[in-house]
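A.B. asks: Those sequence lines, one after another, are chains H and Y.
Quick note on the working numbering: the first sequence kicks off at 1 and runs consecutively.
Quick note on the working numbering: the second sequence kicks off at 1 and runs consecutively.
By construction, these hints were calculated from the structure, which means they are not laboratory data.
Mixed in with the good hints there might be a few duds.
Taking lysine to any residue and the SDA-like style, the derived pairs with C-alpha atoms no more than 20 Å apart in a straight line are [claimed, not checked]:
#, chain 1, residue 1, chain 2, residue 2
1, H, Lys-73, Y, Ala-30
2, H, Lys-73, Y, His-18
3, H, Lys-81, H, Ala-69
4, H, Lys-57, Y, Arg-150
5, H, Lys-57, Y, Gly-160
6, H, Lys-73, Y, Gly-21
7, H, Lys-73, Y, Arg-158
8, H, Lys-81, Y, Ala-30
9, H, Lys-81, H, Tyr-71
10, H, Lys-57, H, Arg-82
11, H, Lys-57, Y, His-15
12, H, Lys-57, H, Ala-78
13, H, Lys-73, H, Asp-59
14, H, Lys-57, Y, Gly-21
15, H, Lys-81, Y, Pro-159
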Amino acid sequence: MANTAYGPVQIQLIERSGKIVKVAVLVQPTNTLHDVQIGEFAFPKLISETLAAQSSKIDAVSGATYTSAGYVKSLQSALDKRS
Amino acid sequence: MTGAGTDARPARRRHAEHVMGTVVSFDVPASAGEPHGDAPLGRAVRWLHWVDATFSPYRDDSDVTRFGRGAVPLAECAPELAEVLEACAAISARSGGYFTTTPGGRFDPSGYVKGWAVERAAAILTAGGSAEHSVNGGGDVQCAGDRLWRIGIADPLRPGRLALVVAGRNLAVATSGVAERGAHIVDPYTGQPPAGLASLTLVGARLAETDAYATAAFAMGSAARDWVEGLDGYEAFAITAAGGTWQTSGFDRYLG
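Chain H on its own, in the form it takes in the complex (with noise of 0.2 Å):
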């Protein structure tokens, strides 16, 4: 727990051999407006970028299943041209 400027946080890492697996958000300050909106925002963009900067230790993506037109877009077809 660290005790910011703007209230308390807490971050909650889950690592298993070297690598975080999961983050999460404990707490967060929601005294104002704008608390919770930089908590809706930026903490689940920070938690996704940690884990992403990872991806290239990534095999395979699971997620709902896509046309054979959305694959284009799909984290799976950037990982299939990679060899």
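Let chain H serve as the given structure and place chain Y on it in line with the hints.
C.D. replies: Just chain Y now, kept in the frame of chain H:
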């Protein structure tokens, strides 16, 4: 990467095959051969196209279409159709009817067929001598081999981003959610898209059942958590429409 020099790992091949209305991505040893050859990769690709021709509800001449409209008896269809129907009936019973072969009112076992076809494609590769491979059928993945496979889970609320990474050996990972074509899974009891969930990921050992159970669980909405807790050998991770998450009690062991 060629596998030569200091890289001790054998050379790999990635191949993306357009089939069954989606793309099936293969990650195989180079020894599995060419996608259009007689080697294991070619046999797996041909199998998927055979499944498409036989089981597609969008083709007038497929066994599924002809059987569904009563034009042919089951005995005159490919024997695999009877096998699929039997599996679907068992999954439907075990899911309290949330998995159904008549999702839109007409006969369509696709909710089972895709995962089953991909699982079997992976089995064709194993039988052909591949010790490590993954087959991803449009977002539902069968991994084979004792290495640790790492599968990113797409974030349904933030396209192009990952919500989580799951890891395991010889595992199947299936995600059901609101597809890009819109809500295509409906609660068979209400006819409406399930409320509350943006996506549900199920981890199991074999993709045929894992994929079908994921579809059923997604249709259950928030009731899915208790249902999956009662299923042996399966763990679930869900993202709610509001952006929250929940997971079943044993899911943690797949986090890396």
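A.B. asks: Each hint: holds or not?
C.D. replies: Now the hints, each set against the structure:
Note on H:Lys-73 and Y:Ala-30: the hinted pairing is violated, with a Cα-Cα distance of about 26 Å set against a maximum of 20 Å. At roughly 14 Å between alpha-carbon atoms, H:Lys-73 and Y:His-18 fall within 20 Å of each other, so this suggested pair holds. With a C-alpha separation of about 16 Å, the suggested pair H:Lys-81 and H:Ala-69 falls inside the 20 Å cut-off, and the hint holds. Between H:Lys-57 and Y:Arg-150 the alpha-carbon distance is near 7 Å, which keeps this suggested pair within the 20 Å criterion.
Between H:Lys-57 and Y:Gly-160 the CA atoms are separated by roughly 16 Å; this keeps the pair inside 20 Å, and the hint holds. The suggested pairing of H:Lys-73 with Y:Gly-21 holds, with an alpha-carbon distance near 16 Å, which does not exceed 20 Å. Of the supplied pair hints, the one linking H:Lys-73 and Y:Arg-158 holds, its CA atoms being roughly 13 Å apart against a limit of 20 Å. Distance hint between H:Lys-81 and Y:Ala-30 is fulfilled; the C-alpha atoms sit about 15 Å from each other, no more than 20 Å.
For the given pair, H:Lys-81 sits about 12 Å from H:Tyr-71 by alpha-carbon distance, which is consistent with the 20 Å threshold. In summary, the hint linking H:Lys-57 to H:Arg-82 is supported, as the alpha carbons are separated by about 12 Å, within the 20 Å threshold. Note on H:Lys-57 and Y:His-15: the hinted pairing holds, with a Cα-Cα distance of about 18 Å set against a maximum of 20 Å. Taken as a hint, the H:Lys-57 and H:Ala-78 pair is honoured in the structure, with Cα atoms around 13 Å apart against an allowance of 20 Å.
In summary, the hint linking H:Lys-73 to H:Asp-59 is supported, as the alpha carbons are separated by about 17 Å, within the 20 Å threshold. Of the supplied pair hints, the one linking H:Lys-57 and Y:Gly-21 is violated, its CA atoms being roughly 28 Å apart against a limit of 20 Å. For a cut-off of 20 Å, the pair hint linking H:Lys-81 to Y:Pro-159 stands: about 19 Å separates their Cα positions.
Hints 1, 14, counting from the list given before, are not met by this structure.
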